[in-house]
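Generate coordinates for the entire structure from the input sequences, incorporating the hints supplied.
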Amino acid sequence: MATYRSASVLLSSDGTRTPGTAALFAEPARRGGIPPWAGDFRPANSAGNGPKNAVGKTFTLELPNGSTGKVVVQSLKTGKGGVVLALMGEDAPPF
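For what it's worth, UniProt numbering labels the leading residue of the sequence shown as 1, then goes sequentially.
It should be emphasised that the hints constitute simulated quantities derived from the structure, not laboratory data.
Just so you know, these numbers come straight off a predicted model, no measurement behind them.
Glycine residues also receive a C-beta, built at the ideal position from the N, C-alpha and C atoms.
Check before you lean on any hint, since a few could be wrong.
20 Å max Cα-Cα, derived DMTMM-like pairs, lysine to aspartate or glutamate [unchecked claim]:
hint : residue 1 : residue 2
1    : Lys70     : Asp91
2    : Lys52     : Asp40
3    : Lys70     : Asp14
4    : Lys57     : Asp40
5    : Lys80     : Asp40
6    : Lys70     : Asp40
7    : Lys77     : Asp91
8    : Lys57     : Glu90
9    : Lys57     : Asp91
10   : Lys52     : Asp14
Here are the simulated distance ranges between beta carbons [to be verified]:
hint : residue 1 : residue 2 : range
11   : Gly81     : Arg31     : 29 to 39 Å
12   : Thr78     : Gly33     : 29 to 39 Å
13   : Tyr4      : Ser75     : 19 to 29 Å
14   : Lys52     : Pro28     : 28 to 38 Å
15   : Gly33     : Asn53     : 30 to 40 Å
16   : Thr68     : Gly33     : 17 to 27 Å
17   : Asn45     : Gln74     : 31 to 41 Å
18   : Ala44     : Val72     : 20 to 30 Å
As structure tokens, then:
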């Protein structure tokens, strides 16, 4: 299982950029297919609670090396540590 954790940016279709930290993982591909991947995104303190009404919407996740991947926000959790968006990747993992 590949893993990745680093600063990243969540980019919405209207061009809004939300900085934060992504913690991603990918599982081995089954029968030559694209490996499934998912993870969490924590908006930076300066970004507030992140994108509004994000659950169910598709975003582009941009990593520091310039690679990108399409993600769908599965859920939003709010707790003591702040806001966490659960992500599900749509294409090949960008990491």
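Consistency of the hints with the structure:
In summary, the hint linking Lys70 to Asp91 is supported, as the alpha carbons are separated by about 6 Å, within the 20 Å threshold. A hinted pair counts as satisfied when its Cα atoms are at most 20 Å apart, and Lys52 with Asp40 qualifies at roughly 16 Å. Distance hint between Lys70 and Asp14 is fulfilled; the C-alpha atoms sit about 15 Å from each other, no more than 20 Å. Taken as a hint, the Lys57 and Asp40 pair is honoured in the structure, with Cα atoms around 15 Å apart against an allowance of 20 Å.
Our distance criterion of 20 Å between C-alpha atoms is met by Lys80 and Asp40, whose separation comes to about 16 Å. Distance hint between Lys70 and Asp40 is fulfilled; the C-alpha atoms sit about 14 Å from each other, no more than 20 Å. Distance check on the hinted pair: Lys77 and Asp91 sit about 24 Å apart at the alpha-carbon level, beyond 20 Å; violated. For a cut-off of 20 Å, the pair hint linking Lys57 to Glu90 stands: about 12 Å separates their Cα positions.
The straight-line distance between the Cα atoms of Lys57 and Asp91 is roughly 15 Å, inside the 20 Å bound, and the hint therefore holds. For a cut-off of 20 Å, the pair hint linking Lys52 to Asp14 stands: about 12 Å separates their Cα positions. The hinted range of 29 to 39 Å is satisfied by Gly81 and Arg31, whose Cβ atoms lie roughly 38 Å apart. Look at Thr78 against Gly33: about 34 Å separates their beta carbons, and that is inside 29 to 39 Å.
For Tyr4 paired with Ser75, a C-beta distance near 20 Å keeps the hint of 19 to 29 Å intact. As the Cβ distance of Lys52 to Pro28 is approximately 36 Å, the hint placing it in 28 to 38 Å holds. Here the CB-CB span from Gly33 to Asn53 is close to 31 Å, well matched to the stated 30 to 40 Å. Distance hint check for Thr68 and Gly33: the Cβ-Cβ separation is about 20 Å, which falls inside the suggested range of 17 to 27 Å.
Checked against the hint of 31 to 41 Å, the C-beta distance between Asn45 and Gln74 comes to roughly 23 Å, which is inconsistent with it. For the pair Ala44 and Val72, the beta carbons lie near 21 Å from each other, so the given range of 20 to 30 Å is met.
Checked against the numbered hints given earlier, this structure breaks hints 7 and 17; the rest are met.
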